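**Q** Read off the chains here:
Number of protein chains: 2
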Amino acid sequence: MPSIASREIRLVARPIGLPQSTDFRLASNPAREPGAGEVQVRNSWMSVDPYMRGRMVDRASYVPPFQLGEALQGGAIGTVVASQDPAFQPGDVVSHMLGWREAVTASAKLFQKVETHGLPEQAFLGVVGMPGLTAWAGLNEIGQPREGDTVFVSGAAGAVGSVVCQIAKIKGCHVVASAGSDEKAAWLKGLGVDEVVNYRATSDLLGAVRAAAPKGIDIYFDNVGGEHLEVALEVARPGARFVECGMISMYNDTKPAPGPRNLAYLIGKGITMRGFVVTSFAHLTPQFATEMAGWIKEGRIKWEETVVEGIEEAPRAFLGLFTGANTGKMLVKL
Amino acid sequence: MPSIASREIRLVARPIGLPQSTDFRLASNPAREPGAGEVQVRNSWMSVDPYMRGRMVDRASYVPPFQLGEALQGGAIGTVVASQDPAFQPGDVVSHMLGWREAVTASAKLFQKVETHGLPEQAFLGVVGMPGLTAWAGLNEIGQPREGDTVFVSGAAGAVGSVVCQIAKIKGCHVVASAGSDEKAAWLKGLGVDEVVNYRATSDLLGAVRAAAPKGIDIYFDNVGGEHLEVALEVARPGARFVECGMISMYNDTKPAPGPRNLAYLIGKGITMRGFVVTSFAHLTPQFATEMAGWIKEGRIKWEETVVEGIEEAPRAFLGLFTGANTGKMLVKL
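From first to last, the protein sequence lines stand for chains A and B.
According to our numbering, the first sequence is numbered sequentially starting from 356.
According to our numbering, the second sequence is numbered sequentially starting from 356.
The hints are simulated quantities; they were obtained by calculation from the structure and are not laboratory data.
Check before you lean on any hint, since a few could be wrong.
It does not matter which identical chain is used: a pair holds within one copy or between any two.
Stated by the list, open to error - Once the Cα atoms are required to be at most 25 Å apart in a straight line, the calculated SDA-like pairs of lysine to any residue come out as:
hint, residue 1, residue 2
1, Lys544, Ser399
2, Lys657, Asn384
3, Lys624, Glu496
4, Lys570, Pro611
5, Lys624, Gln422
6, Lys526, Thr627
7, Lys464, Gly503
8, Lys624, Pro613
9, Lys468, Gly390
10, Lys610, Lys624
11, Lys624, Phe636
Source: prediction; values computed, not measured.
In isolation and in its complexed conformation, chain A is listed as follows (with noise of 0.2 Å):
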């Protein structure tokens, strides 16, 4: 059981606002034999998500800040090449917190056994992951669709986005989505959404928003926050419900952006408006697994991978979730 080279991203300087490639750097870093109760494992697929950027500012949130020199963290798959723990053989596929590298080795408490149960192996970072999870829980639990609402989604097309139309889809709700091209928007339509926005196609994006759902919304599934949410805000019906994901339009603000002008309006229309980290629903990771797996054996769920290949290209990745480089869930293949 020799240790197997490995090369891993590591953030060598703090990003001012957009990430730059010299924020980061290629080192080599080999995975050593594993001591007792380790495991040895060969990364095949590694996840970049929009919530990494927080984690690249030097202060206490809900979790822990990306130390400076040192390997970045977050989703992968891999394959254990070697195993000093009884949990874990050879060949065993497991998700884990420690990609951006090529291999690691550590304690078998960091990694979990997956079932693919003949779903590439990959879906388990987005559809079957953390991605899906957030869409799932947050929808359902923070959202509550009720049969005839009309749910208005941002950032649709990405990982999350796209799992909640169709999830709201399956609830019998009207979907409302946006998205920042024709293509995305054509997939979209092509998942069943009802009416979807090209919002970088219009400069009046409430204007469209409004002549996509004229009735107003009853939920509104935030990844991007900004602009996006003044509008939400101002077509939203008495009541209704809006699920803070994400604001992925703020990320890379060197100076804090000002929120929306009209948030008078959670009083007037009695809007419930709540936040929430994937990690807050894990205890419903169980329900969540056996319904998606049946709504993806009957074919109600579908998915897409943009997919970047090479440990090198990883920070490429990463900077493409903040131009829109990808429809569905961005994934390095390692």
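Assemble the complex: chain A is given as a structure, and chain B must be docked to it using the hints.
**A** Same frame as chain A, now just chain B:
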């Protein structure tokens, strides 16, 4: 049963920014002899409330806008002078929404008989009326206070805020309040509030609130909006509940002011922010009245009134709400 003389306050111009006395006009309009199913009422007290500012704007909202050239409306208490409805007798004390006038004749359906149980009748415009229900239902239903929670209340010396503070103390919470003068702060301290920030005496509201609530807050009861809301988001603990009751600091803005720059904390801290209008909790009125009457009898809820005399002074009373002229409930004695 002749008509009786009455003066009323009409809205004659839609205010721009802070309302001016010239936006209002005193006019004579006798209360006619009641017809079948009507009662004739002489008002003894009327209420002025911040929410009325919203109804002076010509836009659809949860209540229709006031009409130019017509008498304003709002909570009032009066005594039946003459009745053509079997449910009411002369001498009955009634509450209704046809304030801003000295006397009125209207359908009996618009009046509710008040059993005062020894309380001064104007209390039914305050602590045991709409502002009391607003405080009680907003704190309980949205804030969901638990023993040991830290509750931050802005505009705490007002009719709603001062009741919120006292209920939070009854529930075993640590209460931090903001108010606009040292006199108001001293009054709140006398009610049992743990810490009071005079927001007009500091140029660093965030620092002052941090010092008053060093471990952060679990509930924010917002009557004010603006900077207070941004500060509350900053000091909120994970899972905090924000009760959005009012945003008086913004009601006179001539163009919509931007919202808080730190709304993304909703996500990382898992904050729930819910707005409401008291009418959505009207079904809880009996439970509220019973509990509040008990607390008053036990001396656990106290209140203050700021009284202006004469219908002609009602606009001044209303304007005073925006300059902090009131401690506790602002009332007009007719």
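**Q** Take the hints in turn and mark each one as holding or not.
**A** Checked hints:
1. Lys544 x Ser399: Answer is neither: 32 Å inside a copy and 62 Å across each miss the 25 Å cutoff.
2. Lys657 x Asn384: neither (37 Å within a copy, 68 Å between copies)
3. Lys624 x Glu496: Result: close both inside a copy and across copies, 20 Å intra and 16 Å inter.
4. Lys570 x Pro611: between (33 Å within a copy, 24 Å between copies)
5. Lys624 x Gln422: between (43 Å within a copy, 22 Å between copies)
6. Lys526 x Thr627: Both, since 20 Å and 24 Å are each at most 25 Å.
7. Lys464 x Gly503: neither (44 Å within a copy, 35 Å between copies)
8. Lys624 x Pro613: both (21 Å within a copy, 19 Å between copies)
9. Lys468 x Gly390: within (19 Å within a copy, 80 Å between copies)
10. Lys610 x Lys624: Result: close only across copies, 20 Å inter versus 30 Å intra.
11. Lys624 x Phe636: This pair counts as between: shortest inter-copy Cα distance 14 Å, intra-copy 27 Å.
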